[in-house]
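Student: Sequence:
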Amino acid sequence: MSAPISNVRPPPDDILVTIADYIVDTKIVSEEAVRTARHCLLDSLGCAVQALEYPACMKMLGPVVPGAVLANGTPVPGVKELLDPVRAAFNLGALIRWLDFNDTWLAAEWGHPSDNLGGILAVADYLDRNVRPVTLDEVLVAAIKAHEIQGVLALDNSFNRAGMDHVILVRIATTAVVTGMLGGTRDQVINAVSNAWADGGALRVYRHAPNTGSRKSWAAGDATSRGVWHAFNALRNEMGYQGVLTTKTWGFQDALFRGKAITLARPLGSYVMEHVLFKISFPAEFHAQTAVEAAMALHPEVTKRLDEIERVEMTTHESAIRIIDKQGALHNPADRDHCLQYMAAIGLIFGELTAAHYEDGVAADPRIDALRAKMVVREDPQYSKDYLDPEKRSIANAVQVFFRDGTKTRRVEVHYPIGHRRRRAEGIPELIKKFRGSMAARYAGERAAAVEAFCLQATGSGTRMSGLLDLFRVAAG
Numbered sequence: 001m002s003a004p005i006s007n008v009r010p011p012p013d014d015i016l017v018t019i020a021d022y023i024v025d026t027k028i029v030s031e032e033a034v035r036t037a038r039h040c041l042l043d044s045l046g047c048a049v050q051a052l053e054y055p056a057c058m059k060m061l062g063p064v065v066p067g068a069v070l071a072n073g074t075p076v077p078g079v080k081e082l083l084d085p086v087r088a089a090f091n092l093g094a095l096i097r098w099l100d101f102n103d104t105w106l107a108a109e110w111g112h113p114s115d116n117l118g119g120i121l122a123v124a125d126y127l128d129r130n131v132r133p134v135t136l137d138e139v140l141v142a143a144i145k146a147h148e149i150q151g152v153l154a155l156d157n158s159f160n161r162a163g164m165d166h167v168i169l170v171r172i173a174t175t176a177v178v179t180g181m182l183g184g185t186r187d188q189v190i191n192a193v194s195n196a197w198a199d200g201g202a203l204r205v206y207r208h209a210p211n212t213g214s215r216k217s218w219a220a221g222d223a224t225s226r227g228v229w230h231a232f233n234a235l236r237n238e239m240g241y242q243g244v245l246t247t248k249t250w251g252f253q254d255a256l257f258r259g260k261a262i263t264l265a266r267p268l269g270s271y272v273m274e275h276v277l278f279k280i281s282f283p284a285e286f287h288a289q290t291a292v293e294a295a296m297a298l299h300p301e302v303t304k305r306l307d308e309i310e311r312v313e314m315t316t317h318e319s320a321i322r323i324i325d326k327q328g329a330l331h332n333p334a335d336r337d338h339c340l341q342y343m344a345a346i347g348l349i350f351g352e353l354t355a356a357h358y359e360d361g362v363a364a365d366p367r368i369d370a371l372r373a374k375m376v377v378r379e380d381p382q383y384s385k386d387y388l389d390p391e392k393r394s395i396a397n398a399v400q401v402f403f404r405d406g407t408k409t410r411r412v413e414v415h416y417p418i419g420h421r422r423r424r425a426e427g428i429p430e431l432i433k434k435f436r437g438s439m440a441a442r443y444a445g446e447r448a449a450a451v452e453a454f455c456l457q458a459t460g461s462g463t464r465m466s467g468l469l470d471l472f473r474v475a476a477g
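Residues in the sequence shown are numbered from 1 upward in steps of one, following the working numbering.
Heads up, a few of these hints could be off.
[Claimed, not checked] The following label-pair restraints were derived from C-beta to C-beta distances:
| id | residue 1 | residue 2 | range |
| --- | --- | --- | --- |
| 1 | P366 | A440 | 53 to 59 Å |
| 2 | T185 | G445 | 43 to 49 Å |
| 3 | K304 | A162 | 45 to 51 Å |
| 4 | T463 | D187 | 49 to 55 Å |
| 5 | R305 | R422 | 29 to 35 Å |
| 6 | A356 | N130 | 38 to 44 Å |
| 7 | R266 | T407 | 44 to 50 Å |
| 8 | K392 | G67 | 51 to 57 Å |
| 9 | K304 | E379 | 40 to 46 Å |
[To be verified] Here are the simulated DSS-like pairs of lysine-lysine, each with C-alpha atoms no more than 25 Å apart in a straight line:
| id | residue 1 | residue 2 |
| --- | --- | --- |
| 10 | K408 | K304 |
| 11 | K304 | K374 |
| 12 | K374 | K408 |
Hint data in this document are derived by calculation from the structure and do not stem from the laboratory.
By construction, the Cβ of each residue, glycine as well, lies at the ideal position given by its N, Cα and C atoms.
Assemble the whole structure, with the sequences as input and the hints as a guide.
Tutor: Put into structure tokens, the structure is as follows:
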């Protein structure tokens with residue numbers, strides 16, 4: 001006869017405690033992290049504005065029930081209703097993420113830490129309008145901490161290899177940071193984060209062939225809004241589950257993570273924001289950024305000889321092959337922006353890559369699939385090694401085109417995209433140009449300038465956060 005199961009509650013799992021202590025006690029002192037967070041916010045808002053041009057995104061926005069509004073609620077770009085913080089978080093998160101153009105983080109688990117800004121901005125605006133003043137300085141610290149929690153958890157823990165989507169870490173990070181913003185105690189942060197882990201993980205089925213679809217564009221909005229929901233529950237003193245990770249059989253590690261321990265690879269500070277990767281030149285899945293850059297460099301050499309191409313040799317790293325190496329029909333924009341060959345073909349044919357190139361009209365160009373069929377992709381083990389090296393964090397790709405007459409182009413190899421920390425001096429002016437271009441298509445120049453000035457204002461200015469989203473509210477009419 002087996003012994004009865006012990007019902008003695010364990011102490012909180014170590015990771016829950018570490019995250020809660022970080023939220024409650026840690027001061028951010030890195031000027032580089034704060035400076036980068038300003039550009040992250042600016043860039044994310046620009047990405048959100050670009051997404052307003054896409055009906056597939058717009059249909060997901062607004063309240064769940066038409067006409068449902070919150071008095072003194074949060075305005076969202078392109079949405080007429082004022083929303084509660086949970087729904088505002090979904091709307092903002094979906095807008096920021098829709099075009100796969102916001103910042104990214106590549107490690108054992110990849111993801112997009114600025115996805116958390118959906119929840120952070122929604123709660124900051126709600127608090128500032130209804131509870132207490134919230135300034136930009138507080139939001140920048142929240143962004144740094146959300147980046148850090150998501151990114152450090154991603155360094156050694158590969159959720160995608162266990163079948164889960166990386167937005168699980170958006171949910172964890174948003175929950176922790178927003179609970180702190182709402183004034184949660186250390187115990188309330190622990191309770192909230194434990195419930196976020198207890199949700200399990202969304203399946204990656206919508207992000208991979210043969211099922212790639214539009215959910216990958218709103219999954220981050222879903223995750224960050226869920227984090228806000230958990231945070232408000234914790235402030236109502238909803239209980240937590242202290243052994244959510246380590247409990248035998250029923251905890252996250254045994255039930256969903258194949259018995260592996262969840263670990264933090266380094267102390268929580270400001271490392272991730274300092275090293276985050278910006279998507280600057282084009283909205284391409286980040287493992288392909290350098291491939292597209294290489295393809296665009298070859299565009300002048302091949303644009304008049306497309307019919308003469310015999311093959312295109314692409315050299316890449318293991319993660320790119322595992323995630324975006326695709327053959328066969330591509331069914332929608334979400335499918336195309338996760339296809340290495342499609343993105344490189346666009347670069348070779350057009351010499352540029354914009355979100356519009358993923359739409360059906362461009363995809364119908366027969367030259368694209370004809371060129372895809374001539375592409376040969378192989379792994380360079382050194383590229384894969386450098387990708388995992390914490391001192392390098394390379395995302396290398398190389399492209400070379402061979403013609404039927406025996407001639408060939410030069411081999412263009414790019415190790416670091418312009419959004420990499422190693423290219424910050426070159427990248428930030430281009431990032432600001434990207435933002436201005438995004439805003440110019442929809443907002444008057446003075447409105448765009450006001451948003452830019454708000455995000456880049458000096459520390460300690462005391463400007464209230466509700467003023468930021470009011471700029472979009474007025475402009476959206």
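Student: So, for every hint listed, does it hold in this structure?
Tutor: Hint check results:
Here the CB-CB span from P366 to A440 is close to 33 Å, at odds with the stated 53 to 59 Å. Checking the proposed 43 to 49 Å range against T185 and G445 shows it holds: the Cβ atoms sit about 45 Å from each other. Distance hint check: the CB atoms of K304 and A162 are about 48 Å apart, consistent with the given range 45 to 51 Å. Between T463 and D187 the beta carbon distance is about 33 Å. The supplied range of 49 to 55 Å is therefore violated.
For the pair R305 and R422, the beta carbons lie near 33 Å from each other, so the given range of 29 to 35 Å is met. Separation of A356 from N130 is about 39 Å and conforms to the stated range, judged on CB atoms against 38 to 44 Å. Look at R266 against T407: about 49 Å separates their beta carbons, and that is inside 44 to 50 Å. Checked against the given bound of 51 to 57 Å, the beta carbons of K392 and G67, roughly 53 Å apart, stay inside it.
For K304 and E379, the Cβ-Cβ distance of about 31 Å falls outside the hinted range of 40 to 46 Å, so the restraint is violated. Of the pairs offered as hints, the one joining K408 and K304 holds, with about 14 Å between alpha carbons and a cut-off of 25 Å not exceeded. Between the alpha carbons of K304 and K374 the distance comes to roughly 17 Å, so the proposed pair stays at or under 25 Å and holds. Restraint check: the Cα-Cα separation between K374 and K408 comes to about 14 Å, which is no more than 25 Å; the hinted pair holds.
Violation of the numbered hints given earlier is confined to hints 1, 4, 9; the remaining hints are satisfied by the structure.
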